[in-house]
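Chains X and L supply the protein sequences, listed in that same order.
Using full-length UniProt numbering, read the first sequence as starting at 1 and increasing by one per residue.
Using full-length UniProt numbering, read the second sequence as starting at 1 and increasing by one per residue.
Honestly, the hints are just simulated from the structure, not real lab data.
Just so you know, not all the hints are guaranteed correct.
[Said to hold, decoys possible] Heads up, incomplete: computed chain L residues facing chain X, CB under 8 Å, no partners named:
1. 47
2. 118
3. 161
4. 291
5. 292
6. 295
7. 298
8. 350
Virtual Cβ for every residue (Gly too), placed ideally from N, Cα, C.
Number of protein chains: 2
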Amino acid sequence: MSTGADVVIGRLLAGGVDVCFANPGTSEMHFVAALDHTPALRAVLCLFEGVATGAADGYARIAGTPAATLLHLGPGLANGLANLHNARRAHSPVVNIVGDHATYHAEFDAPLQSDIDALAGWPDGVVVRPATASALAVSVDEAITAAVGPPGRVATVILPADYSWSTAEDVAVVPPAAPVTDGPAPADLEPIAELLRSHGASSVLLLGGAATDAAGLTAAARISSAVGARALVETFPARLSRGAGVPPVERLAYLAEQAEQQLAGISHLVLVGARSPVAFFAYPGKPSGLVPRGTHIHTVEPADLDRLVDALAAPGLPPAPGLPPAAVVPPTLPAGPLTVANWVEVIGALLPERAVIVDEANTSGLLLPAATAASPRHEVLTLTGGAIGQGLPVAVGAAVAAPDRPIIALQADGSALYTISALWTMAREQLDITVVILNNHAYAILQLELARVGSAATGPQSRSLLDLGNPDIDFVAIATGFGVPASRATTAEDLAEQFRTAVRQPGPHLIDAAIPAWG
Amino acid sequence: MSTGADVVIGRLLAGGVDVCFANPGTSEMHFVAALDHTPALRAVLCLFEGVATGAADGYARIAGTPAATLLHLGPGLANGLANLHNARRAHSPVVNIVGDHATYHAEFDAPLQSDIDALAGWPDGVVVRPATASALAVSVDEAITAAVGPPGRVATVILPADYSWSTAEDVAVVPPAAPVTDGPAPADLEPIAELLRSHGASSVLLLGGAATDAAGLTAAARISSAVGARALVETFPARLSRGAGVPPVERLAYLAEQAEQQLAGISHLVLVGARSPVAFFAYPGKPSGLVPRGTHIHTVEPADLDRLVDALAAPGLPPAPGLPPAAVVPPTLPAGPLTVANWVEVIGALLPERAVIVDEANTSGLLLPAATAASPRHEVLTLTGGAIGQGLPVAVGAAVAAPDRPIIALQADGSALYTISALWTMAREQLDITVVILNNHAYAILQLELARVGSAATGPQSRSLLDLGNPDIDFVAIATGFGVPASRATTAEDLAEQFRTAVRQPGPHLIDAAIPAWG
């Protein structure tokens, strides 16, 4: 007979979950000990729970299957919530194993006692609390099923310590046979096709979710080319294909003012895996919805894009009118002091084959898409939920999921500090990650946002709250402290040389790039 | 007419809240701008929300009044929850100001939208969501009143961005006149006095909350001396007086096995501001409650301790029998490589006058109390809720509350990394904090706990999850990166020299002390 901990591990593996990003405590010790019996479940130690949950998000975005996290009671889960929020917005499947006190211990209200269920249900999480140790097998199966979806979700199994150490049955759950049906009738795409034929020039296809892979982007570009509709990608895609061979479909801008310009004058908006666009924040006197009044909104499933191509008899690519101008060659290497304009050219010029870019560059990265459009084919993972501190953890998860691909983490300085200990996990696991810190010594986005909300930093307190200088933060020293080799770049030549070296050598590297803020 | 942001700041100041530990985002920009009109509210920038909430806890423990935090939407609050859990367990008053989207923006489910109320209510928090901008004044007053208590609580005002930027009335709330009563009749202490006279030798006074100040400890020691009862302090007091002139009352041990020995054989337990003791965690086959079966439990309010002294006609101190042996002189300075036994002697020998010790030393600090019993009078702030990552933030708050006192943060390595960016706030604010990192390159407490739950690290995965080596973490480099001068100590002589220097010089310092793990 196995212990509950053994059963949980066994069911995770049976469900295809073979990586666990872990930050355990006392109530998880039997689970930790059980890992020695089952080395097939790879445990990756993280020094903060937000690293573990962000890593699970990054893993899922690349692997397409969930990783587990191992978290310690309510406070441990609390520390992981912000990146679970991002994972939810990315529809990433994640299975949290949250240790709890022994069931009989709860009534004693020991110091770490809290309402774990309330946290696990936020935001929109699936919570599975087994009633007995022998219910653990079914609980884990349920959580995996819920997490995998579709859509991908965050699901949490609460694991009381006494269930972990008790004997428990490992009941393999036979999923109910799917009812034999013909499935839903295929959507009738002719109305959309007709609409696009007649109103293509005033239509926008907004792509999100599964439609942002190379196939989806190509299909959209073909439709765009055939009918003159514009294609746009949602502002913060979970996983976006880019680079050589992929149509460089423009993204809807983060700044509402720009997004409104992109959508100005349209009469029809076709949502393909994306939600109807809204402003990231509210601003005084500005609308929250970004779709022009009177626009007709339609929906097409990403899986139907190819049929829509056929219905429109859309010609192949290239060449094709109606697309944004494609960069034909990557940028050439720039020279001189680093600027917001030239650092992206260095990345665009030197991006290695099959890279994964984890983009939390924020304001410093506004010009990145143009610079990488003709780089080798790659994928971009973005900050889906706006909870900063996601980039370094997602890079950890992506690297664990794809050890043979170079991971490029482009990381704003302020955001990096929420989950900076991710660097240590990169060093311990020798993950092939090149971190470029865009170090402008400021919450530059807030300096921008302060003006956008119609206010201004007129005095020392507000200026001070948006400033990361005094003292300047030295990421070379911090990275060194966590065991990651690091260097500082102040010119484009520095960055190019250090980036080349970092990509060529195995294991993690960090470049602290001195980038001025905009303006 | 003021804006809502102005009103919130005005009501905070009117309620005696003049420090705000802030990690703002876009939805808080009007609040940030309003700080320039009202410099009396001191804003202290933190780079992570857990630093802000922990600092508010530390501030409250020293100042006795609440600080505010400024947090960004649900994910920002989520990042601060673990240290709010500790604050709740400390009964520290804290007033969170959590920015929200504009009220009309919520329905658009923008990326950062979430259920803030659910998080703010965890754990047992008071949530105030104003219905209009003009309700803000009352909302802030309500939150301050709830926070101040007694008991001290965590209270949260949710501040929608549109209320922040709208005009709002600053209605000074006149608190309802307290009903004129004679107050509750004073407790009849004679039964307890009689009990202690007849069963003193088999009784324990367990002191917590307000009873752990010098007056409470002295009163308890006098009672103890008069009737032969033992006095103990709860395991994790929020604020404990110690050192010269304060009776060195022993603390109830963290390890349940030791606590059971401390309570073995008692027939009466008198709780004075403390809760009935329970095991921190459950362990297979061990009881959760620590009080021996058949023990009679009684309660005395801390405010009644002096009357109990009178009722017992307890003689003054010293000398007095029945006390734990008092250390008469501080330890002498040890020599040789650092050990778990000698580093505490260095602290005990060199502790400056009026120090505040923030103790998150965990396993490395087990011998600290004995070594500091005869040091100059000081106070100790402990990890009340078990959510690690509390020490450095609490030190920030304590230093802001008491700029004229030396703050000594004794910090375990693993725990330090949850909120390490607190170092930057120490540097920016030039807080007089000496951080000693007890760097044993391990989650040593989990190595201990693994054995205590009846398990063992028998393989590479479990050993790896409890080990912080590979790579070793260099806190000198990390502190330097955050702008805090730092040095490494490997011998007792190093530690003594570096500690002296750190205490003598203004501003923060960090000492990375190489301490072996137990055993």
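Each hint tested on the structure:
Interface hint status for residue 47 of chain L: upheld, as the beta-carbon distance to the closest one in chain X is roughly 5 Å, under 8 Å. The interface hint given for residue 118 of chain L holds, since its Cβ lies 5 Å from the closest Cβ of chain X, which is under the 8 Å cut-off. The interface hint given for residue 161 of chain L is met, as the beta carbon of that residue sits about 6 Å from the closest beta carbon of chain X, less than 8 Å. With a least beta-carbon distance of about 11 Å to chain X, the hint placing residue 291 of chain L at the interface is violated under the 8 Å criterion.
A hinted interface residue such as residue 292 of chain L counts as satisfied when its beta carbon comes closer than 8 Å to some beta carbon of chain X; here the least separation is about 15 Å, so the hint is violated. Nearest Cβ of chain X to the Cβ of residue 295 of chain L: about 15 Å, over the 8 Å cut. The hint is violated. The beta carbon of residue 298 of chain L comes no nearer than 19 Å to any beta carbon in chain X, farther than 8 Å, and the hint placing it at the interface is violated. This hint is violated: residue 350 of chain L has a C-beta 26 Å from the nearest C-beta of chain X, more than the 8 Å allowed.
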